[in-house]
Structure formats: structure tokens, C-alpha cells
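Number of protein chains: 2
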Amino acid sequence: LSGMPSDALLFLSSKRKSILVPWDLTMAKVMATADSVIPFNNFNRQTEKALREIASSLNLAPAAKVEVSRRTPYPVFLTYKKELKGLTVVCRKHGIDARVEHGRAIKDADEIARYRTIAGITNELIDLLEENVRSGLLKTETDVALFIEAEGRKRGCEGTGFGTLAAGPQRSFGIHAFPPYTAGAFATQGLSILDFGLQYEGYTSDVTLTFAREPLSDLQETMLSLVQKAHDLAISTIKKGVKAISVGAAVDDFFRDAGKTMPHNLGHGIGLEAHEAPSLRNRDDNTWILAPGMIFTDEPGLYDEAAGGCRLEDDILLSNSGVEVLTKARIIRL
Amino acid sequence: LSGMPSDALLFLSSKRKSILVPWDLTMAKVMATADSVIPFNNFNRQTEKALREIASSLNLAPAAKVEVSRRTPYPVFLTYKKELKGLTVVCRKHGIDARVEHGRAIKDADEIARYRTIAGITNELIDLLEENVRSGLLKTETDVALFIEAEGRKRGCEGTGFGTLAAGPQRSFGIHAFPPYTAGAFATQGLSILDFGLQYEGYTSDVTLTFAREPLSDLQETMLSLVQKAHDLAISTIKKGVKAISVGAAVDDFFRDAGKTMPHNLGHGIGLEAHEAPSLRNRDDNTWILAPGMIFTDEPGLYDEAAGGCRLEDDILLSNSGVEVLTKARIIRL
Chain H
1 LSGMPSDALL FLSSKRKSIL VPWDLTMAKV MATADSVIPF NNFNRQTEKA LREIASSLNL
61 APAAKVEVSR RTPYPVFLTY KKELKGLTVV CRKHGIDARV EHGRAIKDAD EIARYRTIAG
121 ITNELIDLLE ENVRSGLLKT ETDVALFIEA EGRKRGCEGT GFGTLAAGPQ RSFGIHAFPP
181 YTAGAFATQG LSILDFGLQY EGYTSDVTLT FAREPLSDLQ ETMLSLVQKA HDLAISTIKK
241 GVKAISVGAA VDDFFRDAGK TMPHNLGHGI GLEAHEAPSL RNRDDNTWIL APGMIFTDEP
301 GLYDEAAGGC RLEDDILLSN SGVEVLTKAR IIRL
Chain P
1 LSGMPSDALL FLSSKRKSIL VPWDLTMAKV MATADSVIPF NNFNRQTEKA LREIASSLNL
61 APAAKVEVSR RTPYPVFLTY KKELKGLTVV CRKHGIDARV EHGRAIKDAD EIARYRTIAG
121 ITNELIDLLE ENVRSGLLKT ETDVALFIEA EGRKRGCEGT GFGTLAAGPQ RSFGIHAFPP
181 YTAGAFATQG LSILDFGLQY EGYTSDVTLT FAREPLSDLQ ETMLSLVQKA HDLAISTIKK
241 GVKAISVGAA VDDFFRDAGK TMPHNLGHGI GLEAHEAPSL RNRDDNTWIL APGMIFTDEP
301 GLYDEAAGGC RLEDDILLSN SGVEVLTKAR IIRL
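As given, the protein sequences belong to chains H and P, one line each in that order. Under this note's numbering, the letters of the first sequence match residues 1 to 334, in that order. Under this note's numbering, the letters of the second sequence match residues 1 to 334, in that order.
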């Protein structure tokens, strides 16, 4: 909303005035836009003091509504209520955050164009990763993770959109490997997972490749086959007007019929953050309806303590002309 | 508390029973310890459902207290209250989180021994970074950041404790550079900042070096000199029983007398997270008293849009025998 990349408070009034209160005034001068910028130091670095004094400076009407983010912790909310006597402090599940969330869920033409660029760089890296793992140039989890960090930045990315997960066969049983990557071997015999995203002009991609080095067990072959089918099944059910929950449910049902369980949600929106709306989760409270302009992941996965894990994640754009798979993630057989 | 490295709910009863509800059951089997482990899938991936059913399974007395973390958002707290009818749901600023925070602020003998190991690896990397920047082997922000990622893991670290900030002279004006590091030049003429930490067995170090390549302007020389003096001043004021706020205030006063302002707090505890208690911030609500076993940063910094930034950050252990500077961060002149 302001262009400020680091910690700051942002106040927006219904009269369309914006006030930014940054920790880092120098950064704000260089990067942020707001009607006025007041250093956090002016309020003795106290959020409550900033809130009280800025509310006062805005000459709000008695009992005027001041809404704070739905992420506000309960004890902090009580402090705000106390500090803003005479005003009505509001913190709603479906308030201002939900409006921002809905706005961000539908990408406009500029954002979609940017996503084509991000997907292009991501796909270029996917090809290079396959090539360099095949050739033996990239041997360890650290090798592949740092290759992405370096090559992404060379192509103008700010960095990775979240911590890269690179898990060789011994560690791919985890949805999110811990540690995220190590000095250990990658893409040796069995299943290895590589989950990464590139951040470009604020927006992030999010893809997962599975590297499968033969010989594989029957269970590993079954997992690869089911995950590929689930991935394609999801794409075939994505349409404008479809309930997002039903896409997640279709994949959960498919795995259940095969005697398997996927331990995570099928997908999530991507944007300025790696996890945005809409969610494809198969859960009653998921009320999202798929609509043109949405960009989200399709990432079925199966995991086994002994056989390791397999996940295949692509970024999907739903447009008026249909479904477009922006990225070229794949199961890579070695 | 459980050893689980990824997302999970943890329930602790006053009868010393622990129940872990992980997203990733396989990871929990491998890494976590708890009296019982129930997959989140069993509750349809709904936190409220897990809370309700587990509270029920514990046969709590009517109106028994159930405390949730002080980080719980206000609307989520309302949901919990609604779901846990017949029980007393509590969310306090100075409740269970504060007890954990206080426990974590004082490191025991094992934790201190671990920190000596972490500091040793960190110091080894500081020396290598100086050597390789001097020799011209590490030329870009990406070079230094990825050198840390690779060399830390080779020495058994899980990774970096937070995203490394490497900012060459054009970008060091920011407290936290954005992007954190780029393909651009590092340690060319002027002031460059390198802020990093290594995570080892869960715990993280946190140091900042400033690389100053001559010729420097008078303002840059003044900033370097003031930051070094502020760093040393802080160490001279750290003693058992001293108020943490007074250490921060001493440095803020020192800079103010020199006509400068430091735009951030002087330091913070380190541990399982990069920012822990105690804080050295110069703010009325900082009630921490320095005590043996505390490990925290001393990180004065000054920033200027044109001249760039300078920060010097070490990790300090306060023990019964006095102050020990664990790390060897420094201003490196080139």
C-alpha cells in the first residue's frame, strides 16, 4: 500500500490521507509513498503512542471507527482500546483485511504481465536445474538452493519468495524438510524434492520439482504416478465459477480411493506473499469461488517415512480464456 | 517444547500431559516428543475442532482455564471462546508466553556451551569473509551471502538464523537493506554492511560487520568512530543487576550529544529465535534487568542517505564472572 519494504505503521483515513510511521526514515524517503511520513522515533518507538497522537491529529469525530488489522493479538487490541478512548476500535475477521485480501486475490493486467515474466525466469531456472543436476554439476542440497539464489538475482529477482526447500532422498519424507537444505547429497537414488519461488518486483512464484533417480521401488513408482494424476486432475476441474473447495476435495477423494492421504492442502494463491488467497483447501470454511485473474498453486504431494516424498507444484492462472499453467514444474527421472 | 520443527498445535495440561497435533505426521514421528501425537487431518485441518475435541478428551473440570498464546489474534480468540463453552479461555500479555520468554532469556550451562560453539563457527566465518573480501574472491552481495550459507552448512549449521543482509555502499543507508542482497557490488568504496547469523542446533548467532573502503568522507569517518565508541560504551555499562533500558539510553544519549540519532534499538536477546528477550531498547515499557545467563546483541548503527550506513553488532554473554563478548565482529578497513 505504501511501497515501504520494511517495518512501518500505516494509517489510512476515510478522507484518503495516508500517514506512514517507519522505523527506517531513510528507507522510507527512498522507497515509500505516503501523504506524510513521521519517524517512529518521534513516538518514542511506541505503537500505542503513535496511534493515540495520530488519531488525535486527524481530528476524528467522537466515537469514530478506527479499524486495526485482524492479525492484532488480543492483548494488544485491549491496549489499543484503552489508548483510544472516545473512539470505537474495531478488529474484524471479515473487515479491512478481507477487503485487501479479496483485492489481492484477483490480479489485474499489470500483475498478470509481471507473472508471465516471473514464470519465464522460473522456467528458465527449472531447465537449468534439470540440466545441471543431470550433468552432476549440482550435487548437494546446498548446491541447488544456492544456484537458485544466485541465478535468480542475476535475472533481476529480489531473491527467493520463501526459504528454498531442497531435500534429498533421506529427508524428502517431510512436507517442509527441516533443515530446509543441508550440505548433504541431492538427487541420489530415490525421491528428492525441490520447492522454491522467485520474487520479482514484489511478487513470488512457487514451484516444486521431484527428482526421481532409478531404480525406484513399487511404492515410489505408485507415488509418482498418483501425484502426476492428481496434479492433472486438479487442472481439469479448475474453471471460472467453480468452488475452490471442490478442487481440493476432488484430489483428496482421488488419493483416498487409492488408499493414500495427502497431509496438506492442494494449493494457495500467490502474490506479494507466498501464501495468499484463494485457498484450494478442502475445508468447510473455504468459501472461495474461482474467478478470472486468480493465480494459485496446484501442488499435490505424497510422503512416506521410508520411501520419501513426491510433490509436483505449478502456478496456475485462471483467465477469461481458461486455465493457463504458467510454470513448467515436472517430475524429473534420472 | 516438543522438538517439532514445522507447523503443529501443542496442548499442555496441568497434569503434565502433552498432545502434539502436527500437519506433518511423518516429520513428527522422526523428530518430535510428546505423550501423544494426533494428525491435524483427524480434525479436518480445523484448529477450533482440534481445540474443542482435545479439551473434551482431557475431561477438564467445569470452567477450567484454557490459556492460549498472547499472539492469538483478537478475532481468533473470539472463535476459541465460542468453541470452548463451559471453559474459561484466557489470553494474557503477561501469561504463559511471558513465562516461556523469561525461561528462554536465561541460558543454562548447556545452552551457553552451545553458544560458544556457534560463536566459534561465526568467528571462523568472519575471518574467512574478511580474507576473501580483501583478496577479491567475494565481489558481490550475493557472493558474501551465499558464502555464508554454504560455509555455515559445511560446519554443521542448519542454515542462517535469519535472511542475510549484505548491502554495498549504494544500499547500506537502510537499517535492513531491501532487497536483502543483490547481484550488485559489495565492499567497493564507501560503507558496506553485512548482517548475518548462523543457526546451530536451533540457536542463532547475530553479528554485523561494516566494510569501509577508503577514501572515506569526513562524515563516514565520524560515523565509524561514533559507532565503535557506542559499541564499547554499551559493553562498559553492561553489568548484572543493571536495567537493560539504561544501556540503551546510554547509547542514545551518546549519539544525541554527537548530534546523531540511532533509528533502532541497541540490542536484543538471541536464542531459538533471532529476536528474543531481553531487549536493550530505550523505551519506558522495557523492564528487563540484566542477569547472568543472558545472551544478547550490542548493535549500534548510524545511517545516512548519501554516506551509507555503519553498524557493529556482537553477541554478548553476561555471566557471573562478568561480560564476555562471544563474537569478533568488527569494522574492516579496506
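Misleading hints may appear alongside valid ones.
[As the list claims (entries may be wrong)] Partial list, computed: chain P residues near chain H (C-beta under 7 Å):
1. Glu-67
2. Phe-77
3. Lys-82
4. Lys-85
5. Gly-86
6. Thr-142
7. Phe-147
8. Gln-170
9. Ala-306
Read the hints as simulated data drawn from the structure, not as lab findings. If you're wondering where the values come from, they're calculated on a predicted model, not measured in any experiment. Note that the Cβ used here is the ideal one computed from N, Cα and C, for glycine as well.
Checked hints:
For Glu-67/P, the interface hint is violated, since its Cβ never comes within 7 Å of a Cβ in chain H; the closest pair sits about 12 Å apart. Look at Phe-77/P: its Cβ gets to within about 4 Å of chain H, closer than 7 Å, so that hint holds up. The criterion of a C-beta within 7 Å of any C-beta in chain H is not met by Lys-82/P, whose closest approach is roughly 12 Å, and the hint is violated. Below 7 Å, beta-carbon pairs count as interface contacts, and Lys-85/P has none with chain H, the closest being about 18 Å; its hint is therefore violated.
Annotation: Gly-86/P was flagged as interfacial toward chain H, and the flag is violated, the nearest CB pair being 20 Å apart, outside 7 Å. The closest approach between the C-beta of Thr-142/P and any C-beta of chain H is roughly 5 Å, which is under the 7 Å cut-off, so the hint is satisfied. Interface hint at Phe-147/P: violated, since its Cβ lies 9 Å from the closest Cβ of chain H, which is beyond the 7 Å cut-off. With 7 Å as the threshold, the beta carbon of Gln-170/P stays out of range of chain H, its nearest partner Cβ sitting at about 11 Å, so the hint is violated.
Evaluation of the Ala-306/P hint against chain H yields a violated restraint, the C-beta minimum of about 10 Å exceeding 7 Å.
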